[in-house]
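Put together the whole structure using the sequences plus the hints.
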Amino acid sequence: MLRPVSATNSSNPVLGRAASDLIEIKDLNFKYFGSTTPVLQNVNLTVKNNEIVLIAGHSGSGKSTLLRAINGLIPHQHSGDYSGEVLVDGLKVSETSMSVLALKVGYIFQNPENQIFMFSVERDVAFGLENLALPQAEMRERVDWAMELLQIKSLALRAPHELSDGQKQRVAIAGVLAMKPKILILDEPTSLLDPFTAKSLVNLIRDLRSTLGITVLIVEHRLDLVAKICDRMVVVDKGTVVLEGSPREILSKTDVSLFGVTEPTIVKLSKRLSLEGEKLALDAQELTTALKPVA
Amino acid sequence: MQLNSNLKDGKPIVSFEDVFYSHPNGNVALKGVNFSLRQSEVLAILGSNGAGKTTLVRHINGLLKPTRGKVSVFGEDTKQLSSAQLSRRVGIVFQNPNNQLFAQSVRKEIEFGLRNFGFSEDILKKRVESALNDFSLLDYADRPPMELSGGEKKRLCIALVLAWDPDILILDEPTVGQDSEQKEKLSEMTRLLQSQNKNVILVTHDVEFVWPLQPRIILMANGLIVADGTSQAVLSDSDFTNRADVLAPQLVDFSKLMGFLKPFPSAPFEAEKILRIEHG
Ligand SMILES: Nc1ncnc2c1ncn2[C@@H]1O[C@H](COP(=O)(O)OP(=O)(O)OP(=O)(O)O)[C@@H](O)[C@H]1O
Ligand SMILES: Nc1ncnc2c1ncn2[C@@H]1O[C@H](COP(=O)(O)OP(=O)(O)OP(=O)(O)O)[C@@H](O)[C@H]1O
Ligand SMILES: [Mg+2]
Ligand SMILES: [Mg+2]
Chain L
250 MLRPVSATNS SNPVLGRAAS DLIEIKDLNF KYFGSTTPVL QNVNLTVKNN EIVLIAGHSG
310 SGKSTLLRAI NGLIPHQHSG DYSGEVLVDG LKVSETSMSV LALKVGYIFQ NPENQIFMFS
370 VERDVAFGLE NLALPQAEMR ERVDWAMELL QIKSLALRAP HELSDGQKQR VAIAGVLAMK
430 PKILILDEPT SLLDPFTAKS LVNLIRDLRS TLGITVLIVE HRLDLVAKIC DRMVVVDKGT
490 VVLEGSPREI LSKTDVSLFG VTEPTIVKLS KRLSLEGEKL ALDAQELTTA LKPVA
Chain D
6 MQLNSNLKDG KPIVSFEDVF YSHPNGNVAL KGVNFSLRQS EVLAILGSNG AGKTTLVRHI
66 NGLLKPTRGK VSVFGEDTKQ LSSAQLSRRV GIVFQNPNNQ LFAQSVRKEI EFGLRNFGFS
126 EDILKKRVES ALNDFSLLDY ADRPPMELSG GEKKRLCIAL VLAWDPDILI LDEPTVGQDS
186 EQKEKLSEMT RLLQSQNKNV ILVTHDVEFV WPLQPRIILM ANGLIVADGT SQAVLSDSDF
246 TNRADVLAPQ LVDFSKLMGF LKPFPSAPFE AEKILRIEHG
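So the protein sequences, as listed, match chains L and D.
Residue numbers for the first sequence follow my numbering, so the first one is 250 and each next one is one higher.
Residue numbers for the second sequence follow my numbering, so the first one is 6 and each next one is one higher.
Because the hints were derived from the structure by calculation, they are not lab data.
Do not rely on the hints blindly, as some may be mistaken.
[Unchecked claim] Cβ pair distances, simulated, as ranges:
no., chain 1, residue 1, chain 2, residue 2, range
1, L, Ser-506, D, Arg-73, 55 to 63 Å
2, L, Ser-523, D, Asp-242, 44 to 52 Å
3, D, Phe-122, L, Gly-462, 30 to 38 Å
4, D, Gln-237, L, His-325, 49 to 57 Å
[What the hints assert, rightly or not] Here are the simulated DSSO-like cross-link-like pairs (lysine-lysine), alpha carbons at most 30 Å apart as the crow flies:
no., chain 1, residue 1, chain 2, residue 2
5, L, Lys-448, L, Lys-341
6, L, Lys-541, D, Lys-130
7, L, Lys-448, D, Lys-190
Predicted, not measured: the structure shown is a model, and the values here were computed from it.
Glycine included, each C-beta is placed from N, C-alpha and C at the ideal position.
As structure tokens, then:
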């Protein structure tokens, strides 16, 4: 259901927490230390187990900040004024250590340089796993699995700082996937990937959701790539959630460019041809099928 | 600086002749690159991760010098020029903004480049204010660049390079973190610079951003140029795009699926018109 979200719309106190709610954000406010304006204001958001949620909005609207509040960087690494509550798989983020959270939440930074620092690609991919105390064989298996998925086996022995930026991004993603986290958070994951790899990653996320049963949050500016695999789209504006609904609902009923979101060309065309709502086409194939029903 | 500034029409602004580049660790990133660029041409370079795009553009402002072959910019061999000399006329916005930002504040960041190139304090002041204004950075002027959002950092990098008004502007992944308004501004800026007879070189994975601009396109894979031509010719040929891990823009896919002869160059309105005719 598409609905404008009022700032005070908190989770229902009578019903309490549904078993399927994996992430719950209640009345969250955050202001970075030294800043004058709050970056998050009365954010309320619930993410269900096994959902894929897209977060979109203007540059600077608070998307990365919101993700940091889920993986614990806020409030543990970034100080500031914090109020409200964030629960991840039942754990209160503000009272749970980053290392415990890291076992549940895999986080891919907007800038891959924030998470690669070992001497070889292989070691980098294995880095997170080393804290899981897994048997050697399983570790090897997972590292190979993740490197295979991201097509970086040929780079295994290379020094990560001597890679191209897109190659670094692939290493960062592989390192997080190797952990097989219950919740996968990706901050603009495709921006440094070549189009073919970007599309493969999107398909991979869709597949991992079914095979591993993971829950995914993606921040992206390029809806043409990701809208299709997302169950829900959340639009953030000036630090609050202003819209949520399925991508087709939101894109049909709203001019998302008001919120800094580029409307994919095919969506624009679909709307002008009055193919909206459930009929809204998200890619060329869908639009063609709608216009040329199979004889 | 003694660069040939009176280049006659037709003389290339940039030329690569059989350029090879090996990184210090022995990686060969360019394996015989040839192309030239004419005045006011807009060029977009697309291709696989690790294809050599960043390595290539770093040769244009002299940050890298070819291991073999020759790169000329404004008619001069870059081996004869220092990167400091070249960077005044060839501005480059790095793929990773963290490699470009180091000052204490957004304002100082923009001032730094201008002061470096010897602009008078008078002009400097004006340029800084208009850069802050044009890129909606006034509210951030006194903030440390490292505390900006990903997209804001990129925006600042573009603003600070444009402030010194280079003749060739190289943007390595300019759309990262940019919302619809900023992308629109980037397109406008590209067209404006072109109308001022400048060159814009875009290195990008964002085919949807590139397509409406209809620039000349170079596709790269594995250290080589695999295609060079108009957007129409290059991006609607899947033999080319497949080799460079590039996917066709949505309108190209759609035109092909619908069996139209030529893909729509830009806005969907044109597509809509054609569809209305074809389908009543
Ligand atoms: N500092 C470095 N030392 C050694 N090799 C490097 C270095 N930087 C890049 N390379 C290698 O050079 C090749 C070209 O890299 P380059 O950064 O030019 O690629 P790119 O086309 O810009 O890729 P991307 O789309 O990922 O940004 C790649 O194989 C890369 O691994
Ligand atoms: N460490 C910090 N200290 C102070 N302010 C910050 C910090 N990080 C971000 N901000 C500010 O908070 C606001 C939201 O930033 P955030 O990084 O969450 O935006 P975003 O929506 O992810 O943007 P983008 O799409 O550009 O990445 C921005 O105005 C930014 O300048
Ligand atoms: Mg961000
Ligand atoms: Mg690059």
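Hints, verified against the model:
1. Restraint check, L/Ser-506 to D/Arg-73: a C-beta distance of roughly 48 Å breaks the suggested window 55 to 63 Å.
2. Evaluation of the 44 to 52 Å hint for L/Ser-523 and D/Asp-242 yields a failure: the beta carbon distance comes to about 33 Å.
3. A hinted range of 30 to 38 Å for the beta carbons of D/Phe-122 and L/Gly-462 is inconsistent with their spacing of about 56 Å.
4. Separated by about 52 Å at the C-beta atoms, D/Gln-237 and L/His-325 satisfy the suggested range of 49 to 57 Å.
5. With a C-alpha separation of about 34 Å, the suggested pairing of L/Lys-448 with L/Lys-341 is violated against the 30 Å cut-off.
6. Proximity of L/Lys-541 to D/Lys-130 is assessed by CA-CA distance (about 59 Å); at most 30 Å being required, the pair is judged violated.
7. Restraint check for L/Lys-448 and D/Lys-190: the C-alpha separation of about 26 Å stays at or below 30 Å, so the hint holds.
Going down the numbered hints, you'll see the structure goes against 1, 2, 3, 5, 6, while the others check out.
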